[in-house]
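There are 2 protein chains.
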Amino acid sequence: MQLPWVPISLLAGGVSVAAAIRLFVWVERQDMGSARAQEVASWIREGAKSYLRRLYGTLTMVAVGLGIVIAIVFSFHIEQLETGMIAVDPARGIGMALAFVGGAVCSAVAGYMGMSVAVSANVRSATAAEKSLNQAFRVAFYAGAVMGLAMVGLAIIGMSTIYLITESPDIILGFSFGASALALLAKAGGGIYTKTADIAADLVGKVEIGIPEDDPRNPAVVADNVGDNVGDVAGMGADIFDSYVASTVAAMLLGTSLFVGDAQAKYVVLPLVLCTLGIVASLIGVQSVRVGKAGKPGRALNSGTIVTCAIFAALATLVVLLGDYNLGVLWATLAGLVTGVLIGFTSDYYTSSEFHPVIETARVSSSGAAINIITGYSYGLISIVPSVVGIVVATLLSYYLAERAGISGVYAVGISAVGMLSVSGMIVSSDAYGPIVDNARGIAEMAGMSQQVIETTDVLDAAGNTAKAITKGFAISAAALTVLALFAAYAEVVEGVMGGATLVINLREPVIVAGVLLGAVTPPLFSALIMLSVTRNAFDMIEEVRRQFRERPGILAGTEAPDYAACVGLAAQGALASLVMPAFLAVGLPILVGIILGPGALGGFLGGSIFTGVIFALLMSNAGGLWDNAKKYIESGEFGGPGSDAHKAGVVGDTVGDPFKDAAGPSLNTLITVMSLVSSLFAPVIAAFHLF
Amino acid sequence: MQLPWVPISLLAGGVSVAAAIRLFVWVERQDMGSARAQEVASWIREGAKSYLRRLYGTLTMVAVGLGIVIAIVFSFHIEQLETGMIAVDPARGIGMALAFVGGAVCSAVAGYMGMSVAVSANVRSATAAEKSLNQAFRVAFYAGAVMGLAMVGLAIIGMSTIYLITESPDIILGFSFGASALALLAKAGGGIYTKTADIAADLVGKVEIGIPEDDPRNPAVVADNVGDNVGDVAGMGADIFDSYVASTVAAMLLGTSLFVGDAQAKYVVLPLVLCTLGIVASLIGVQSVRVGKAGKPGRALNSGTIVTCAIFAALATLVVLLGDYNLGVLWATLAGLVTGVLIGFTSDYYTSSEFHPVIETARVSSSGAAINIITGYSYGLISIVPSVVGIVVATLLSYYLAERAGISGVYAVGISAVGMLSVSGMIVSSDAYGPIVDNARGIAEMAGMSQQVIETTDVLDAAGNTAKAITKGFAISAAALTVLALFAAYAEVVEGVMGGATLVINLREPVIVAGVLLGAVTPPLFSALIMLSVTRNAFDMIEEVRRQFRERPGILAGTEAPDYAACVGLAAQGALASLVMPAFLAVGLPILVGIILGPGALGGFLGGSIFTGVIFALLMSNAGGLWDNAKKYIESGEFGGPGSDAHKAGVVGDTVGDPFKDAAGPSLNTLITVMSLVSSLFAPVIAAFHLF
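Protein chains in written order, with this note's numbering: chain A, 279 to 970; chain B, 279 to 970.
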């Protein structure tokens with residue numbers, strides 16, 4: 279059974295986008311609530327849109343600039359290394375540049391849709407909470423699904439279209455790089471933005487002045503709520519979009535290199551087939567999510583994920599059997615899928631207040647902030663182990679089962695990443711739900727809605743935090759498998775250019791070790807730059823908030839509205855300005871290492887960056903989540919409850935964790951993906967020109 | 279000029295030990311001061327000795343147990359892999375076991391001498407401070423030199439003796455493993471001990487009760503002062519002893535594999551020659567240290583280091599030229615030497631209160647503990663970069679200059695580690711000075727000596743902190759170069775056993791990547807276990823201190839002496855009990871990985887552990903030092919001075935940094951050395967028996 283898979287993929291993408299639009303319209307038709315609620319929501323909406331305008335403005339410049347570079351570089355095509363023959367082919371250059379811009383635009387459109395619906399769903403969800411938890415949950419989850427379905431739909435439309443036109447995975451690499459470049463800006467910039475606002479709002483509001491969280495008198499409070507959207511909705515969406523496309527293109531590239539003839543045609547397209555099946559499964563999964571009579575939103579989200587995975591697994595089995603694919607790819611797909619979900623749930627163990635690590639960290643907090651930090655950090659370090667072991671097991675299983683089934687093990691590792699990410703539609707839907715209900719809670723507080731609404735939104739919010747923890751674990755391990763596949767693809771590309779020579783990345787050669795060591799220090803350096811940007815920008819915003827309180831005493835008295843826009847503007851401007859060095863590290867450093875130390879050392883560099891990138895991403899995300907929940911656990915009345923010494927220590931831990939878990943940690947996924955893509959893209963150039 | 283180098287090395291070792299004993303006697307003859315000072319000092323001395331007795335008790339059991347295992351395993355000698363021929367050779371097994379025990383004993387004796395003189399020099403230095411800074415400095419520095427000179431002397435005596443008897447570097451590997459096993463216990467155990475006591479003393483004393491540091495009413499205060507000795511004197515000494523021996527044996531093994539005939543004899547012995555020259559240079563360097571009229575103890579220590587390096591460089595040049603060695607080894611020696619010193623001084627940049635990172639961290643502390651933590655941690659991450667770049671440059675320089683000069687580049691990397699460590703005698707002397715003057719200050723306070731004595735010891739102490747920061751940077755980078763050499767030696771040993779087959783540790787193979795990932799998570803896991811032990815043990819000690827205060831109110835009133843011994847005992851017992859899991863990770867895990875995944879994956883595992891081991895060691899040591907000095911900077915009156923909000927935040931940072939810099943961070947050196955040695959030692963067994 280060989281169906282015309284690429285047109286079917288295109289169609290599935292179209293259906294997914296159509297479903298997203300239908301849900302968008304449904305959400306827009308819900309009740310917007312009181313005038314006060316609408317006013318509060320409009321501040322957040324305006325703030326979010328003003329940030330996005332700036333972000334997309336910056337992006338346009340970056341896209342145009344990089345697009346021109348790409349068009350020029352790829353107009354020269356090194357045919358073969360030993361002959362030194364260089365062909366001039368402007369059509370290829372322009373095609374690559376267009377694909378690059380297309381990738382950035384698709385990701386941006388998905389992000390824009392997700393943000394737009396999120397900032398109009400927050401107030402509607404809060405309003406619906408006046409009637410029932412069930413209805414409030416529906417509004418928020420369907421709004422989240424807009425992001426999830428639009429994202430996978432646009433990704434597959436872009437990739438299928440390019441493949442239909444060019445039949446070349448190489449050009450899709452350009453598309454993937456475009457998506458990654460956007461993700462780097464959206465994720466790192468969004469992370470800096472949201473944590474700048476969060477820390478500034480907390481330090482001046484809660485600590486200095488002593489007003490509650492989300493108090494409308496705090497000029498930074500709108501920026502804080504905007505931050506939830508730009509960091510967690512647009513940022514996380516762009517991150518998974520990035521991994522989703524990158525894993526698909528990596529597997530397609532491996533298919534091109536490792537197969538010939540009919541098998542090549544079949545296995546190059548398989549990643550798109552799996553994405554298509556994942557979209558079908560996600561569409562059904564999203565429909566299946568219902569909060570029962572018991573009203574457990576967390577359980578509803580999890581069961582949606584499990585339904586999606588089960589349907590996907592069944593469909594994949596069917597297609598592999600009927601389509602006469604080698605069984606090895608099925609094992610790889612399932613290994614990836616199961617590992618992704620398992621790692622998501624284990625990261626829940628380290629960050630949920632139901633288990634030992636969070637409870638222990640909360641317990642020791644009574645001895646002060648330092649012990650809270652040391653304990654949380656230590657559990658964060660330990661939490662790396664199960665996820666990395668999971669990645670190792672998935673890789674080895676995929677590889678060896680495939681080899682035994684008589685198909686390339688390296689290709690199978692690529693497929694296992696695709697298998698893991700194929701259910702992204704559903705995963706992103708649950709994840710985007712989180713910041714929407716978080717915002718709903720904020721609006722309920724700021725608009726002075728009833729205590730019952732606040733309690734309902736609290737329940738919804740708690741489920742959102744769990745979904746967020748699971749998605750983070752999933753996103754990091756998916757990125758890890760993806761970059762391992764990209765790493766293999768990079769090596770294949772280099773070999774292709776070198777005309778038959780084998781690329782060995784042998785750790786016994788000093789230049790390779792040098793590459794690995796330099797790669798290994800890049801993620802720590804990158805995350806340090808992000809965190810220092812957060813504290814620096816937070817200082818600027820604290821000054822602004824203090825200035826407003828000082829110059830306009832009416833604000834604290836409640837008789838005068840604060841200037842929210844000033845804080846929103848500061849956060850946006852600071853975040854984008856802080857991206858220059860990190861962006862250079864991501865794009866410039868691999869090219870520099872390749873040109874100076876050669877393609878082998880660049881392979882080592884990528885390897886090194888993957889190893890420490892995954893470790894620091896897991897450490898920072900999990901430790902941050904753990905501190906957050908340890909604080910919440912104390913606030914729930916344990917170990918002295920709110921106001922106790924333990925609580926004060928918990929707040930310090932939570933604040934340290936903020937930039938860890940929402941800015942520095944998750945940006946590392948994108949960093950390593952961008953570095954791997956840049957290397958694969960520029961591999962032909964680097965193989966031709968290098969010093970060592 | 280070929281001299282009988284091995285007997286000369288033995289002689290140099292003897293001279294060094296004799297010089298150490300002479301200085302020991304000199305220190306013992308100094309004035310012990312008032313009866314009160316003697317009483318205080320005796321508490322510390324008794325505590326330190328009781329800890330050492332327990333440590334050596336544990337060590338004896340470990341040494342006997344591991345010694346028997348080694349004797350049995352190495353009595354079976356796999357002659358060649360393909361023939362499967364196994365020779366039974368009990369003499370070899372017993373020789374290896376004896377060498378193992380010898381390594382542990384030599385290191386233990388050096389540590390014991392160092393500790394003994396330290397705990398008798400502290401009170402004498404404090405007493406001498408009543409007369410002059412100059413004399414107090416002399417007592418402390420010469421006491422430190424006892425440790426430095428005894429250590430290098432005993433190391434070279436052990437290695438030369440084994441080589442004279444067996445002419446086999448293999449057996450010296452056993453000696454090195456013995457030294458490493460001791461270092462692991464001494465360093466990790468000492469680190470847990472000292473930080474348990476430090477945190478407990480601070481949290482109950484300073485924070486809960488509000489009595490000053492080093493107040494004799496605090497039952498944990500003696501344990502705290504004992505900790506300085508067991509962690510910083512015995513621990514650091516064992517750490518450098520370990521690297522010193524390991525780098526020498528790695529280079530000797532590489533010499534055996536990579537050379538044949540006359541060249542082999544010459545280059546196998548060269549590492550011992552360099553050690554001999556280093557001892558001569560250190561003996562002169564130690565004599566040259568003088569505090570001038572200006573009274574700058576920091577400058578005196580630094581100039582001693584520079585004199586030692588210059589003399590060593592001159593001697594090495596002379597021997598290479600006259601001995602007709604290939605010039606490549608000279609470049610490697612000098613590259614290692616210069617890099618070691620440069621990395622030491624750059625780590626000073628990140629941890630000294632004269633430069634931007636510490637000042638900036640102190641400045642932001644006024645916004646609370648969280649910002650202090652985030653900022654210090656970020657600078658800690660950045661501080662990794664220059665050191666790693668230094669290691670990369672030293673490796674590449676040694677390798678390529680040697681290859682161009684026509685000698686094995688891999689051997690040259692081994693020699694550069696020896697070059698770096700050859701001046702250890704002087705480095706350890708300056709380092710051991712630190713805890714002695716720290717103790718002197720504590721005794722001055724506890725014994726109620728005059729304000730002028732306290733000020734003098736403060737000046738001496740500040741110089742000690744700088745020396746300590748430099749030594750830590752030096753120790754980590756020396757360990758990094760050493761393990762890179764050991765890594766190369768491991769591969770050579772495996773190849774030797776595999777009879778001509780080449781071992782390629784290719785990052786493109788999934789099983790190698792699996793090994794690297796598993797290796798990469800080991801150092802973070804190890805450091806988490808150490809830190810959790812510290813907080814757990816500190817809790818036990820806090821309970822004990824509270825119990826004493828509660829049950830015997832006379833203690834706080836000053837009418838009753840606290841039970842210091844109870845705290846000392848708790849700290850010692852807790853520290854040793856906490857070592858079980860870390861010790862398993864260090865010794866058992868490499869063997870397990872090798873037997874399951876094979877020698878290639880074990881190579882990857884070692885590589886992975888080196889990459890993250892070096893990164894986390896630098897991060898934790900430097901961030902910890904930075905927080906410590908940021909707090910001291912605020913205490914000196916900046917940004918609000920003592921008692922301000924900034925100061926409270928600084929204290930939190932300092933407490934977080936305590937286990938970072940003195941327990942978890944520096945233990946990682948030893949971890950990666952032990953894992954590399956275990957792998958090399960068991961390489962023949964693993965090459966013969968493995969699953970994958």
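Honestly, I wouldn't trust all of these hints.
Since the list gives no way to pick one copy over another, a pair counts as held whenever it fits inside one copy or between any two copies.
To be verified - Pairs of lysine-lysine residues, derived as DSS-like cross-links and limited to a Cα-Cα distance of at most 25 Å, are as follows:
no., residue 1, residue 2
1, Lys574, Lys409
2, Lys574, Lys910
3, Lys327, Lys544
4, Lys910, Lys926
5, Lys327, Lys409
6, Lys910, Lys484
7, Lys926, Lys484
8, Lys910, Lys327
9, Lys327, Lys926
10, Lys544, Lys926
11, Lys484, Lys544
12, Lys926, Lys574
Please keep in mind that the hints were generated in silico from the structure rather than gathered at the bench.
Results of checking the hints against the structure:
1. Lys574 with Lys409: So Lys574 and Lys409 pass the 25 Å test inside one copy only (17 Å; across, 76 Å).
2. Lys574 with Lys910: Within one copy only: 19 Å inside a chain, 52 Å across chains, cut-off 25 Å.
3. Lys327 with Lys544: neither (43 Å within a copy, 73 Å between copies)
4. Lys910 with Lys926: both (12 Å within a copy, 24 Å between copies)
5. Lys327 with Lys409: Neither way: Lys327 and Lys409 sit 29 Å apart in one copy and 72 Å across, limit 25 Å.
6. Lys910 with Lys484: Close inside one copy (15 Å), not across copies (29 Å); limit 25 Å.
7. Lys926 with Lys484: Both ways: Lys926 and Lys484 sit 11 Å apart in one copy and 18 Å across, limit 25 Å.
8. Lys910 with Lys327: neither (31 Å within a copy, 46 Å between copies)
9. Lys327 with Lys926: Answer is neither: 35 Å inside a copy and 40 Å across each miss the 25 Å cutoff.
10. Lys544 with Lys926: Result: close neither inside a copy nor across copies, 60 Å intra and 65 Å inter.
11. Lys484 with Lys544: neither (59 Å within a copy, 71 Å between copies)
12. Lys926 with Lys574: neither (31 Å within a copy, 43 Å between copies)
In this structure, the earlier hints numbered 3, 5, 8, 9, 10, 11, 12 are contradicted, and the remaining ones agree with it.
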